Amino acid sequence: MAKEQLMDYQKALETYEVVIGLEVHVELNTNTKMFCGCANVFGDEPNTNVCPNCLGFPGAMPAVNGKAIENSIKIGLALDCEIAATGRFARKNYFYPDLAKNFQTSQYDEPIAFEGKIDIEGPSGKVFTVDIERAHMEEDAGKLTHVGGSTGRIQGAEYSLVDFNRAGVPLVEIVTKPIYGAGDEAPELAAAYVRSIREIVKNLGVSDARMERGNVRCDANVSIRPKGQEKLGTRTETKNVNSLRSIEKAVKYEIQRQAHLLSQGTAIIQETRHWHEDRGATSSGRPKSDADDYRYFPEPDLVPIQPSKEWIEQLRATLPEKPAIRRKRLQELWGFSELEFRDVVNSDLLDEIDDTVKAGATPQAARKWWTGEIARIANSEDKEISEMPITPKQVAEIAGLIDSGKLTDRLAREVLTGVLAGEGDPAEIVSKRGLEVVSDDGALLEAIDKVLAEQPDVLEKIREGKLQAAGAVIGAVMKAMGGSADAARVRELVIQRASGE
Amino acid sequence: MSLISRPASELAAMLQSKEISSVELTSQQLANIDKLNPKINSYLTVTHEIALAQAKQVDELRAKGEKLSALAGIPIAVKDNLTTIAIETTAGSKILKGWIPPYNATVVEKILANRMPILGKTNMDEFAMGSSTENSAYGPSLNPWDLSRTPGGSGGGSSSAVSSMQAPIAIGSDTGGSIRFPAAVTGTVGVKPTYGAVSRYGLIALGSSLDQIGPVARNVMDAAMLQDAIAGHDDMDATSLPESLGSMTEAAKNDSVKGLKIGIIKELTGEGFQAGVSERFQEALDLLVAAGAEVVEVSCPSFQYAIAAYYLIQPAEASSNLARFDSVRFGLRVMPEGPATVEKVMAATREAGFGPEVKRRIILGTYALSSGYYDAYYGSAQKVRTLIQVDLAKAFEKADVLVSPTAPTTAFKLGEKQEDPLAMYLNDIATIPANLAGIPGMSLPVGLAKEDNLPVGIQFLAPAREDATLYKVGAVLEKLLENKWTKSMMDFAPELKVN
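Protein sequences appear in the order of chains P and X. Mapping to the UniProt record's numbering: the first sequence position 348 is 348, numbers consecutive. Mapping to the UniProt record's numbering: the second sequence position 151 is 151, numbers consecutive.
By construction, these hints were calculated from the structure, which means they are not laboratory data. Any given hint could be a false lead.
[What the hints assert, rightly or not] Only part of the chain X face toward chain P is listed, based on derived beta-carbon distances under 10 Å:
{"#": "1", "residue": "Ser148"}
{"#": "2", "residue": "Leu322"}
{"#": "3", "residue": "Tyr378"}
{"#": "4", "residue": "Ser380"}
Note that this is a predicted model, so its numbers are computed, not measured. Quick reminder that beta carbons are idealized off the backbone N, C-alpha and C, glycines included.
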């Protein structure tokens with residue numbers, strides 16, 4: 001595929017104003033599916049959680065999952081939305097083999113929640129109020145796997161397999177109004193918005209909110225227009241951008257790509273685009289027009305949902321604190337500097353650190369591990385930190401082992417590697433790998449004496465008050481002990497020897 | 001003793017007193033099916049073994065003294081658009097040929113719970129689209145009163161089975177008259193209950209907001225007992241009514257219409273109705289008046305738009321309901337010429353699997369829902385629907401039940417309207433408003449038209465949830481007619497000479 005030309009990002013922003021709009025799909029973690037009693041579980045054998053209903057068999061009819069309605073209302077309330085007095089389901093008609101009925105039961109002109117807003121902090125600390133147009137309920141489609149051909153795409157595939165386990169899983173689609181004025185912060189703002197949505201649904205307990213599993217998926221609409229122009233530019237919709245980093249990159253890419261085209265006098269085509277993480281680029285999907293005809297009409301097999309005011313107020317009373325308020329509270333509680341805290345938020349580590357602190361670590365230790373070593377390894381493996389196979393509890397345990405003197409920093413990093421390799425909990429790894437600090441003075445003294453015998457002048461220097469001379473001995477001892485010695489103790493012992501004790 | 005011409009309620013009493021066994025009854029019934037079905041084509045599938053096994057089981061349970069339902073042991077025919085485990089279910093379409101559903105419709109579950117042996121699945125217009133069974137992919141059913149004529153549609157399989165003694169009782173479905181019109185032209189009783197009275201779960205949908213399952217029978221009491229057996233709330237159908245509508249069997253024991261106000265719908269009488277039909281209709285009204293009922297005239301001007309509205313809403317819903325027939329998960333799969341893509345396989349399958357009327361309605365419905373046309377077509381049709389509901393509500397302020405002939409004519413000849421879809425659609429003029437309004441309707445035989453000696457039906461309509469009113473007035477009229485004739489409607493039926 002020919003590489004598309006991009007305009008320099010800063011130059012693009014000097015010439016054009018960026019408008020973005022975000023559609024986020026949240027998969028709810030209800031026990032059962034949206035319209036039938038099948039289990040809503042990720043990762044089961046294909047086509048095991050299916051029934052006549054989610055397979056779209058003739059005669060089957062939907063029955064609404066009340067818990068999904070409740071969770072959708074909670075999401076609406078958390079986004080400061082109005083909750084509809086009457087919400088109707090509608091059929092969105094289109095043919096696709098992952099869509100069992102060849103229509104998706106969704107909501108159209110009567111979404112359950114509408115007209116909300118959420119404050120999002122951009123990377124500079126500037127707060128944007130993002131207006132929410134609507135949050136509506138719908139069902140997920142099945143999952144297609146294209147076999148044969150290249151890169152698992154439908155083009156060139158020999159055949160495709162459909163797994164209907166996901167068909168009918170409840171989704172809430174949250175749609176923003178156009179977001180203006182984000183300027184060069186637009187890509188980061190898009191990611192920060194999705195991060196906030198993820199945080200909200202996770203704290204509400206209504207979704208597992210794991211992007212790598214598709215629990216939260218984002219479609220990013222991007223358009224640009226010459227500065228000062230009233231008319232909106234033609235937008236593209238980049239589909240299913242499934243990590244925060246990708247959202248940022250995809251938005252940035254689209255800005256640069258569109259800017260280049262406009263600068264060449266080429267019109268932007270309204271279309272869906274696909275994000276390719278490997279190439280760091282989007283590619284053209286199918287042309288999309290506003291006249292895409294889904295022939296929506298009210299779902300005749302379902303009656304309207306009419307949540308009572310009392311119920312809505314009951315649900316409102318159960319909402320957890322809002323992300324912005326929570327952040328303020330945590331920053332004060334942890335005593336992080338502005339810079340430290342923003343680093344935590346931008347690295348998307350608020351929950352991890354909160355949980356690590358709750359598991360007993362000090363805030364600074366928790367921050368240090370997550371933003372330091374774990375982030376470094378994740379980055380080197382090109383993964384999201386949230387994907388790393390380590391729990392906050394395990395991190396807290398490692399920090400605890402250091403505090404109690406059982407591990408050195410170096411040993412702790414080795415333990416961390418063990419946890420990430422799936423060898424078990426930190427304590428297990430310490431014993432299995434034999435990583436515990438040697439606290440047996442006898443063994444240490446033996447090693448020290450051996451080193452001192454090779455460097456007889458060191459003792460003399462220490463006696464003369466040149467304590468830094470001990471460093472060479474400590475280093476050699478640590479090396480001899482394979483790192484499993486407490487350097488401070490070694491230092492003490494060397495000085496003792498020098499003083500003739 | 002020949003049992004097959006007796007009504008189900010009578011047979012039920014004989015079963016309860018152990019005068020007869022279900023095996024005996026079911027065997028006789030199957031023997032008559034074997035004799036008549038090859039000619040009349042009422043059944044698409046006859047389930048000899050299943051029926052006999054169920055009959056044997058119910059006899060054993062009765063012998064043990066188990067408490068059984070009123071209709072236990074009465075064999076029944078089921079329209080082929082209800083899903084049945086282990087029994088092929090085609091809805092009259094090639095696209096479902098050979099499809100064995102993995103689940104039972106709720107109504108089928110209820111039939112099994114009532115221990116009624118299932119004789120088989122009855123013929124129908126493909127996906128219930130039609131008024132004559134001529135749109136069945138498996139050939140039309142014939143009218144036992146005149147084998148050159150239609151037994152009505154879409155439920156002509158059930159109506160011809162019940163009127164030719166191939167089943168004492170049957171299940172139908174009614175989207176625009178598919179129970180009531182076949183009943184009218186075969187001299188049987190057909191009831192479309194209130195929308196939501198009977199669960200639609202497992203009914204292969206035509207127009208989801210219009211479809212309703214109901215009984216087909218040889219008299220009012222039989223229909224009442226069957227409605228009681230299949231009605232009731234079902235969690236699997238979100239549109240099913242939460243409350244019970246009471247006992248229809250009790251309502252069918254009514255013997256008085258004194259003070260009952262009967263509203264004649266002005267727009268559904270007179271011009272356009274066959275003379276013999278109007279005559280029998282008037283005679284029935286006279287009998288009711290003589291028995292103490294009061295007749296008033298009511299007007300429902302919006303009915304003039306009913307067929308137009310119906311033929312937008314129903315195809316629109318059908319176009320969506322039938323989208324699932326795509327060869328991916330079940331049913332027919334046709335491979336296209338040349339390289340296959342999923343779109344081409346879907347298209348080839350639907351091209352080969354659907355008949356012309358189904359295609360016509362899918363195209364009509366798709367168009368009616370299209371962006372830019374939605375408001376003018378589907379939107380306007382929904383407004384008409386509201387107007388019809390308003391007109392009916394006003395009419396029911398003046399009258400307890402509304403009446404009209406069920407159909408403008410007696411049974412028409414097979415082939416007569418096949419080339420003229422519009423003429424076929426117009427046939428449903430009297431039955432469609434009930435579906436658009438969700439109210440219950442009954443067709444009851446009122447004798448034979450003079451000019452052709454074919455059955456005529458009267459239709460009663462009642463307000464939503466007042467199905468009992470239909471059975472009350474139906475039972476009285478039935479008795480008045482039988483007293484006048486000194487025999488039952490079915491006794492007029494010709495001896496079938498099937499070669």
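Hint status (Cβ of Leu322/X to nearest Cβ of chain P, threshold 10 Å): 9 Å, holds
Does the nearest C-beta of chain P fall within a distance shorter than 10 Å of the C-beta of Ser148/X? The hint is violated - Ser148/X has no Cβ within 10 Å of chain P, the shortest such distance being about 33 Å.
Is the interface hint satisfied for Ser380/X? The criterion is a beta-carbon contact with chain P at less than 10 Å. Violated, about 13 Å.
Does Tyr378/X pass the interface check with chain P, least Cβ-Cβ distance below 10 Å? 6 Å, holds
Of the numbered hints given earlier, the model fails hints 1, 4; all others are met.
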